[in-house]
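Each residue of the sequence shown is one higher than the one before, counting from 48 in my numbering.
I should point out that these hints are in silico values taken from the structure, not numbers from a laboratory.
Heads up, a few of these hints could be off.
Keeping only pairs whose Cα atoms sit at most 25 Å apart, straight-line, the calculated BS3-like set for lysine-lysine is [unchecked claim]:
1. Lys49 <-> Lys105
2. Lys119 <-> Lys138
3. Lys49 <-> Lys195
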Amino acid sequence: MKEAKALVRQLRTRGINAQLQYTSYKSEDLNAAGRIANKSNPYLYISLHHNYYAQDSKGYFAMYNPNDNQSKIVADRLSNAIANNGIVRQKENQPNTGYIGELNALNKSTTGVLLELGFFSNGTELKNICSDRYVDYVSNKLADELVKILNEQYR
Numbered sequence: 048m049k050e051a052k053a054l055v056r057q058l059r060t061r062g063i064n065a066q067l068q069y070t071s072y073k074s075e076d077l078n079a080a081g082r083i084a085n086k087s088n089p090y091l092y093i094s095l096h097h098n099y100y101a102q103d104s105k106g107y108f109a110m111y112n113p114n115d116n117q118s119k120i121v122a123d124r125l126s127n128a129i130a131n132n133g134i135v136r137q138k139e140n141q142p143n144t145g146y147i148g149e150l151n152a153l154n155k156s157t158t159g160v161l162l163e164l165g166f167f168s169n170g171t172e173l174k175n176i177c178s179d180r181y182v183d184y185v186s187n188k189l190a191d192e193l194v195k196i197l198n199e200q201y202r
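All chains, full assembly: derive it from the sequences and hints.
This is the structure in structure tokens:
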């Protein structure tokens, strides 16, 4: 949540109309998130997450809609934008195979990307992803790249 709030602040500072949406983290809420976002008909839908998996899981990656080339391009650009963070290592981006309903529920005109920014289940990574240094780095770099993407693709 810290990254999301910081990213929205950074985007608004750069003149971008960014909105923040919260869920209770239950799968039905995540599935509804895309449908809720559709009411605003956004150009881009970026979903920020922290995952909980095996204790030794670590790293960050992006998920994209495999039927939307623009989604893959945006996922790769955002993932690469934060690659040099020196805290959490980059993993290979993955196509969304359908279990992330929020990406599947988006309007066809909306490009959606989900960023898994680290794992709560790994104690060391949890400390790192909650640090102000990581949050500031990620929010600044993502905001910079999102502004570039919006200026190139949607103006």
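Which earlier hints can't be squared with this structure? Every hint satisfied by this model.
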